[in-house]
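Chains as they are written, first to last, in numbering that gives the first Met the number 0: chain A, 0 to 132; chain B, 0 to 523; chain C, 0 to 261.
Heads up, a few of these hints could be off.
Claimed, not checked - With beta-carbon atoms standing in for the labels, derived distance ranges:
{"hint": "1", "chain 1": "B", "residue 1": "E483", "chain 2": "A", "residue 2": "G85", "range": "46 to 54 Å"}
{"hint": "2", "chain 1": "A", "residue 1": "R82", "chain 2": "C", "residue 2": "R149", "range": "49 to 57 Å"}
{"hint": "3", "chain 1": "B", "residue 1": "E192", "chain 2": "A", "residue 2": "H100", "range": "52 to 60 Å"}
{"hint": "4", "chain 1": "C", "residue 1": "P171", "chain 2": "B", "residue 2": "R422", "range": "31 to 39 Å"}
{"hint": "5", "chain 1": "C", "residue 1": "T42", "chain 2": "A", "residue 2": "G130", "range": "28 to 36 Å"}
Calculated from the structure, these hints are not laboratory results. No residue lacks a Cβ here, since even glycine has one placed at the ideal position from N, Cα and C.
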Amino acid sequence: MSLAKKRILIAKPGLDGHDVGAKVVAMALRDAGADVIYTGLRKSPDYIADVAVDEGVHAVGLSVLSGSHLSLASDVIAALDARGAGDVAVFLGGTIPHTEHKALLDMGIRAIFTADETLDDVLTRFDAALGET
Amino acid sequence: MTGVVTLPSGIEVPVVARGPGAERLGDPGEYPFTRGIFPDGYRGRLWTMRQYSGFGTAEETNARYRFLLDHGQTGLSVALDLPTQCGYDPDHPMARAEIGKVGVSLFSRREMEILFRGIGLDAISTSFTINGTAAVIFAMYLAVADRKGVPRSALTGTIQNDILKEFVARGTWIFPVQPSVRLVADTVMFAGEEAPRFNAISIAGAHVRDAGVTAAEEMAFTLANGLAYVDALIARGGDPARFGSRLSFFFYVHMDLFEEVAKFRAARRIWADLMRTRYDVTDPAAQQLRFGVVCGGSSLTAQQPLNNVVRVAVENLAAVFAGAQSIFTCAYDEAFQIPSEQSAELALRTQQIIAHESGAASSVDPLGGSYLVESLTDSMEEEIRAVMGELDDYGGVIVAIEDGYLQTRVARRALERKGQIDRGERVVVGVNRYADGRPPEIGEMFALDDGTAARVLEKLDRLKAARDERRMGETLRALAKAAEHDDENLMPHIVACCHADATVGEITDVLRDRWGEFDEPVRF
Amino acid sequence: MGAIAAHRLGSARHLGVLAIDPTSPHSGGSILGDRIRIDGVVTDERLYVRSVPSRSSADGTTDNLPDLLAALEEQRFDEILVETVGVGQADYAVRQCVDTVVVIVLPGSGDTVQAMKAGILEVGHVYAVHKADRPGADLLAAELAATLDRRALNGWIPPVLLTSTVSGAGVPQLSDAIDAHRSHLRSRRDAGACTLARARYDVERLVTRRARELVADLPPDALRQPLRDVYHAVVHELLGELAVPHTTTNSEGQRDGDCSTP
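For reference, chain A alone in the conformation it holds in the complex:
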């Protein structure tokens, strides 16, 4: 798996405090050999983009369970673009309705993960999507 030594930022944008999903994915990525930077709770899109640039990450994984994913994801993508880091892959996980997947992918989200897939599937899709540049 080519996730080894990839630098990945796992972030919790907005006010949602449910962080177990984000932590589980962070641990799974670590166990796949990645270097994972974890932001903790309640981060603004600008902060997330700043950290992504400072830390030189390959990917940003956002976790949102509060239903605010559309605006938060688009704000993070815009903030990365504004810093010239539009090439950083952005992933999204949480409670994401299927009806909104297309809009999110069109907006530039590289892949969307939900709690019902196995961690192996998550890692495989993460890895594959990170490979597409």
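With chain A's structure known, arrange chains B and C on it following the hints.
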């Protein structure tokens, strides 16, 4: 209790069945309450059936509440939006994306007034799922009662107000751990004096359990948090014999029927013992572990969602066997979309069928004396006490939370649980066994019209334009001054701020300035 | 860390922080969570935080610490704070790379000076007993001070301070102690010793790491030879690489990996 129950076949059974070993257990309603806190179980009164709702603006939620009350509901359970829960006004940059989602926006006392327009505060019991800003929301509720001329002593209901578990699982903390606990103690002390029928805390294991820990850890963490609050209340001059009877607890019920029943029986026994031996409390009411439960949560699946109806029913049955005081049943589609009217009704009907048709509520502690359940209760007690011992050895829950030890333990358990499900070691029908390959149906979580945020922001502007700024400023300064003294109860000051139209964000900021914010430890 | 970074920003024009977290020996991956403790306290354009995994390093630092420090120094950072993996492991290595070592110890869990690893008492230039609000902090500080008093080195007696992020107490004093140690270094004639020590450490680390890799790659048959022969084979291999100094060995690959944006 000596009555009998006549079964459909005509056979009579005692309300409280006894057999060998019954003396050791004690009767229902007797110390150590293994068999329940009431001598007659549910025969005197059924458990409270309470469903959770709230969204958008106070006006929208008020209309929903009046509809529910018109249809026979006697209690309300208020869901609040995240800005209100985290102490931000709607115009804060972090708040805008979240206004009115996951619950109703209640940024000031006037919004609370709108929420209860046309509803008699003394005629209903209201439960608020609020923690970080529980003191403010409680103060707002009191201020609204004051203005309506309802005596505070007539108010019934609950604020969750369990900040310790927010640091571990749910994440709506604001201040560092110690001042947060002080604020909890202030509300409980104040409620004891001013609104003695109102439960000012509901110590919750539910969220930690749902995040991933085992049943024994759920009980151990929660009882340990309970002890931390009792210690804090005693340190602020409280008498456990008095406030002990106002403490309540809140848990999840997951799928293993017997383990779930045993965990509650064991926890009741441990709590009664701790209250008696640690604090010399002799009043039975102050020794009893009273608890509400949620059936559903993370045991529900988005795949084959109708399976969740059966899961909720089994969990509901476990809660009744265990003698829960209040039960909330999730709608089968609730974990991944807004419940339909039909699914919400079915959730309530599940409780009613178990209450009135199954016979589960006719006898008290119907599983008492079962070889399996009694030995499991003993093992569970041992396990819970062992985990509590580990926390003690660590230096207590407050240190364990400040250091991130508990948070790490929960996250590791979550990873373990996920692995067990992924590998099929823990069977989840429709997910890793008998799956049909169809993608899960995840629908809209929070259907709000686009105007909600704008309407809330406009109301905030109007409030700021209309209020008496000078008077409001005085109340905020008085609060700031009081917060400098550790021995002063802040609640009277927060109530005064609410009367003067200060917002949730403004009141919280006064305390943020004084105490700072929680420094979230990140450990894996 | 956040509090001291905020305080140091008062006098530094540009402050760099390298926050090192452990690499999992099983997967080679890591979770880097230190920076949020800093960001939670201070956000400033003049502050640059970089999270770094420890990689194969087992001494509390990271494989390419000297390179990272050099890269940041080139970018004109006035001061660089290095947060090592943890007190238990940080001993000799970090002392070779930096001017001032601050050792942070926590009260509680039965820690006494007697129980501390000997290395900890030798590595620090400044000691801070953190979470000073917890029971036992005063006692620990007093014991530490009494022990360290007897261990003055080159005329420097490591001061022992009490700090707390809850109250913010002790942070200015800690900052002053760092400055005092810096002045002490300047006053000594061998002020350039640190640069030399770092260079020596850099070479030593590279050589040992490469040697370790070569030993790890040895086939089982080779290990059945007499020790003397195996040793010669490894040294021979190592010397052989001199002819082609910048091959894409593992070490070289890792040296470049951490400081570049993909």
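A quick look at each hint next to the structure:
1. B:E483 with A:G85: 46 to 54 Å: The hint (46 to 54 Å, Cβ to Cβ) holds, given that B:E483 and A:G85 are roughly 49 Å apart.
2. A:R82 with C:R149: 49 to 57 Å: Once the Cβ atoms are compared, 53 Å apart, the range 49 to 57 Å for C:R149 and A:R82 holds.
3. B:E192 with A:H100: 52 to 60 Å: Given a distance of about 53 Å, which is inside 52 to 60 Å, the answer is holds.
4. C:P171 with B:R422: 31 to 39 Å: violated (54 Å)
5. C:T42 with A:G130: 28 to 36 Å: holds (34 Å)
The structure shown violates just one earlier hint, number 4.
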